[in-house]
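A.B. asks: Line by line, the protein sequences give chains A and B.
So in UniProt numbering, spot 135 of the first sequence is number 135, and the numbers just go up one at a time.
So in UniProt numbering, spot 151 of the second sequence is number 151, and the numbers just go up one at a time.
These aren't lab readings, by the way, just hints derived from the structure by calculation.
Beta carbons: idealized from backbone N, C-alpha and C, even for Gly.
Treat the hints with caution; some may be incorrect.
[To be verified] Which stretches of chain B does chain A cover? Using the computed rule of at least three CB atoms under 8 Å from a CB of chain A, they are:
{"id": "1", "stretch": "51-64"}
{"id": "2", "stretch": "71-82"}
{"id": "3", "stretch": "111-121"}
{"id": "4", "stretch": "129-141"}
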Amino acid sequence: MYVAVKGGEAAIDNAHRLLAEVRRGDPAVPDLTVAQIREQMALLVDRVMAEGSLNDPDLAALALKQARGDVVEAVFLVRAFRTTLPRFGASVPLETGRMTLSRRISATFKDLPGGQVLGPTFDYTHRLVDFGLAEGEQLEPAAEAEPREDAAATPRVTDLLGRDGLIEPSPQDDGTPLGDITREPVDFPCDRSTRLQALARGDEGFILALGYSTQRGYGRTHPFVGEVRVGTVAVEFVPEELGFPVLLGTMQVTECQMVNQFKGSREVPPQFTRGYGLVFGQSERKAMAMALVDRALRASELGEPLASPAQDQEFVLAHCDSLQATGFVEHLKLPHYVDFQAELELVRRMRAEAEDKREAAE
Amino acid sequence: MAVTDQGSQTQARRAVMALCAAATGQELATALAGLAAPGAEDIRAPEIGLVMATGRIGGDGRPFNLGEVSVTRAAVRLADGRTGFAYHLGRDRARARRAAILDALWQGEADRPGVEEALAPVARRAAADAAAQARRTAATRVDFLTLARGED
Numbered sequence: 001m002y003v004a005v006k007g008g009e010a011a012i013d014n015a016h017r018l019l020a021e022v023r024r025g026d027p028a029v030p031d032l033t034v035a036q037i038r039e040q041m042a043l044l045v046d047r048v049m050a051e052g053s054l055n056d057p058d059l060a061a062l063a064l065k066q067a068r069g070d071v072v073e074a075v076f077l078v079r080a081f082r083t084t085l086p087r088f089g090a091s092v093p094l095e096t097g098r099m100t101l102s103r104r105i106s107a108t109f110k111d112l113p114g115g116q117v118l119g120p121t122f123d124y125t126h127r128l129v130d131f132g133l134a135e136g137e138q139l140e141p142a143a144e145a146e147p148r149e150d151a152a153a154t155p156r157v158t159d160l161l162g163r164d165g166l167i168e169p170s171p172q173d174d175g176t177p178l179g180d181i182t183r184e185p186v187d188f189p190c191d192r193s194t195r196l197q198a199l200a201r202g203d204e205g206f207i208l209a210l211g212y213s214t215q216r217g218y219g220r221t222h223p224f225v226g227e228v229r230v231g232t233v234a235v236e237f238v239p240e241e242l243g244f245p246v247l248l249g250t251m252q253v254t255e256c257q258m259v260n261q262f263k264g265s266r267e268v269p270p271q272f273t274r275g276y277g278l279v280f281g282q283s284e285r286k287a288m289a290m291a292l293v294d295r296a297l298r299a300s301e302l303g304e305p306l307a308s309p310a311q312d313q314e315f316v317l318a319h320c321d322s323l324q325a326t327g328f329v330e331h332l333k334l335p336h337y338v339d340f341q342a343e344l345e346l347v348r349r350m351r352a353e354a355e356d357k358r359e360a361a362e
Numbered sequence: 001m002a003v004t005d006q007g008s009q010t011q012a013r014r015a016v017m018a019l020c021a022a023a024t025g026q027e028l029a030t031a032l033a034g035l036a037a038p039g040a041e042d043i044r045a046p047e048i049g050l051v052m053a054t055g056r057i058g059g060d061g062r063p064f065n066l067g068e069v070s071v072t073r074a075a076v077r078l079a080d081g082r083t084g085f086a087y088h089l090g091r092d093r094a095r096a097r098r099a100a101i102l103d104a105l106w107q108g109e110a111d112r113p114g115v116e117e118a119l120a121p122v123a124r125r126a127a128a129d130a131a132a133q134a135r136r137t138a139a140t141r142v143d144f145l146t147l148a149r150g151e152d
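Using the sequences plus the hints, can you model the full thing?
C.D. replies: And the structure:
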């Protein structure tokens, strides 16, 4: 049992004042603005939004500034902020098939209707440090080209396979109410919607490692990237007083359709199955890893043997949240004096008993 | 006929509200300044809250909760009783209130063309931004070729 302590107020206040000063760093170096973080550390901001489970770039940028760039601390600030706000309701489901694409690639088909666009990507860079950036770079303007006629319609790769019945369809909306892990605790086993909510806000490193583990043989799923798309999607909401959907604005998301081999079962012929990833901002690593883990977590639904961590719902969902994980790990540094005194007493008593036994034996 | 009119009027209103959602706070202030808008009182003070953004499994299947978005809403009443609403991503109360006033003004037949004209520069700017973005993206369109393997 944890027994609280008291005292230390002056030291705590002074520690926080010191933190503020250290956060600022050398006063001779200009102060970072929130807009600079939002614009120039955009992928870091995206990660805080995804794991903070709140799309608000300015808030995530400010949280990063306050947290000295610590992602989990920034996630903590964002999650704490959201608890102070009322919820107006749920959006109309996002139409990712109609998003304005800034990037779209497929590893399964080279000739996609609508084409593949690389967009702003680190792929194919040489990963050489650009010392010119340290000097203040001369920016070469982005190239432009006339969009080809077919660029407006970009069907999902999974729709193309679906026409021939070679891939399973998406699970249809059966109207059962959605569970919400921010409102009620998760009961295991839980449905795929609940799992995707947890994965979407899960720690990128943890989800990445689990996805990687499936590739290395711990719950192998034979994945191909059907499609990764990054772009802006309209967010619509039906206010009660209006009764029709209004556009709230647009936001950037990354979507991954993973296509997985499936040898079939007694009921189902051999076909491709799917794993799905969707995250706030631009994060292909997270969306792809999420799709791998989503597919792995369908093992029991598809009659596959359960033998690996990535297939274990409770293991994955109970440990994927960076804030919960850090809370329980880092609480160990808080004063545990009374607990430890009890442990100390116990160890002394056991040693004394062991000593007595040895003496008796001699 | 009446139902269709109702439907097309809702579509037109949604389009104006969408345009306001795409506008910056400054653009909305400029639009309002040109309209000599009457005074407006808050039905509900501009308020920041959350909307749970939902996606669909596989992009087209059963919904799931993706995560929340911050939203600011405003509701105003003009002196003549017209009411207007705005719901925007982000936390800019002044911007949402301006959009609610524009929505209220648009409710009057007489003010409708004026509101739409005042917002026309926003539509032009947004279209130009989208076109420039599409041209930059189009320049990165890639045609991969499959190479024959040497040993075959």
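A.B. asks: Looking back at the numbered hints, which does the structure fail to meet, lowest number first?
C.D. replies: Structure breaks hint 3 only.
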